[in-house]
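J.: Each residue of the sequence shown is one higher than the one before, counting from 1 in our numbering.
Derived by calculation from the structure, the hints in this document are not laboratory data.
Be aware that a few hints might be false.
Simulated pairs of lysine to aspartate or glutamate, EDC-like, Cα-Cα distance not exceeding 16 Å [as the list claims (entries may be wrong)]:
{"id": "1", "residue 1": "K56", "residue 2": "D18"}
{"id": "2", "residue 1": "K7", "residue 2": "E31"}
{"id": "3", "residue 1": "K56", "residue 2": "D67"}
{"id": "4", "residue 1": "K37", "residue 2": "D75"}
{"id": "5", "residue 1": "K60", "residue 2": "D49"}
{"id": "6", "residue 1": "K36", "residue 2": "D14"}
{"id": "7", "residue 1": "K7", "residue 2": "D67"}
{"id": "8", "residue 1": "K60", "residue 2": "E81"}
{"id": "9", "residue 1": "K37", "residue 2": "E74"}
{"id": "10", "residue 1": "K36", "residue 2": "E62"}
{"id": "11", "residue 1": "K37", "residue 2": "D67"}
{"id": "12", "residue 1": "K56", "residue 2": "E34"}
{"id": "13", "residue 1": "K60", "residue 2": "D96"}
{"id": "14", "residue 1": "K36", "residue 2": "E70"}
{"id": "15", "residue 1": "K36", "residue 2": "D67"}
{"id": "16", "residue 1": "K37", "residue 2": "D18"}
Just the calculated beta-carbon pair ranges, DEER-fashion [claimed, not checked]:
{"id": "17", "residue 1": "Y30", "residue 2": "T52", "range": "20 to 28 Å"}
{"id": "18", "residue 1": "R58", "residue 2": "I21", "range": "26 to 34 Å"}
{"id": "19", "residue 1": "T52", "residue 2": "H24", "range": "31 to 39 Å"}
{"id": "20", "residue 1": "H24", "residue 2": "R58", "range": "43 to 51 Å"}
{"id": "21", "residue 1": "S55", "residue 2": "R2", "range": "19 to 27 Å"}
Owing to the predicted nature of the structure, the values given are computational and were not obtained by experimental measurement.
In this text, a Cβ means the ideal position worked out from N, Cα and C, and glycines have one as well.
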Amino acid sequence: MRIIIEKRVDQAIDAFYDASILKHWHTLSYETVERKKNRLYDGLESLADYATIFSKARLKQEWVDNDWQEFICEDFHFAYEITLDVRGEMIIVVHDAVHSLNYR
Numbered sequence: 001m002r003i004i005i006e007k008r009v010d011q012a013i014d015a016f017y018d019a020s021i022l023k024h025w026h027t028l029s030y031e032t033v034e035r036k037k038n039r040l041y042d043g044l045e046s047l048a049d050y051a052t053i054f055s056k057a058r059l060k061q062e063w064v065d066n067d068w069q070e071f072i073c074e075d076f077h078f079a080y081e082i083t084l085d086v087r088g089e090m091i092i093v094v095h096d097a098v099h100s101l102n103y104r
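Construct all of the structure, not just a fragment, from the sequences and the given hints.
T.: Put into structure tokens, the structure is as follows:
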């Protein structure tokens, strides 16, 4: 399955790590952050193989209202749905992301 990651997801990841670097500038390097982000995106790519096994979101109201599923990787929660594209092929659309420290 093809995976589409909405810009909102990239922005949430970048915002979290920008704030982390500012707060932990003395112990958190840019290289470490890049490795963490690479692992996140690798994890998202794995959704192509496992998307159907994860449960529906339960805590974030927008995700529940939209009936999105939830995937957790590297302490980030991702909201996604499996849908059809215009050609009728199944795709995964990742709609939102939030770090577990901010997840409510």
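J.: Sort out whether D49 lies within 16 Å of K60, counting only the CA atoms.
T.: violated, 25 Å
J.: For the pair we were handed, K56 and D18, check the Cα-Cα distance against 16 Å.
T.: Answer violated: K56 to D18 is near 29 Å, above 16 Å.
J.: Holds or violated: are the alpha carbons of K56 and E34 at most 16 Å from each other?
T.: Violated - the C-alpha atoms of E34 and K56 are around 29 Å apart, more than 16 Å.
J.: Run the distance test for K37 versus E74: straight-line Cα separation, threshold 16 Å.
T.: holds, 9 Å
J.: Check whether the Cα positions of K36 and D67 lie no farther apart than 16 Å.
T.: Status violated; Cα separation ~28 Å.
J.: Straight-line Cα separation of K56 and D67 no greater than 16 Å?
T.: holds, 7 Å
J.: Given the proposed pairing of K37 with D75, does the C-alpha separation stay at or below 16 Å?
T.: holds, 11 Å
J.: Hint check: K37 vs D18, CA-CA at most 16 Å. Holds or violated?
T.: Roughly 12 Å separates the two Cα atoms, so the pair holds.
J.: I want to verify a distance hint. Is the separation of the beta carbons of S55 and R2 within 19 to 27 Å?
T.: Taking Cβ atoms as reference, S55 and R2 lie about 22 Å apart, which means the hint holds.
J.: H24 and R58, beta-carbon distance inside 43 to 51 Å?
T.: Hint violated: Cβ distance 30 Å, outside 43 to 51 Å.
J.: Within 16 Å, alpha carbon to alpha carbon, are K60 and D96?
T.: holds, 10 Å
J.: Holds or violated: K36 and E62, Cα atoms, limit 16 Å.
T.: Violated. K36 to E62 sits at ~26 Å, over the 16 Å cutoff.
In the structure shown, a violation is registered for the earlier hints numbered 1, 2, 5, 7, 10, 11, 12, 14, 15, 17 and 20, in ascending order.
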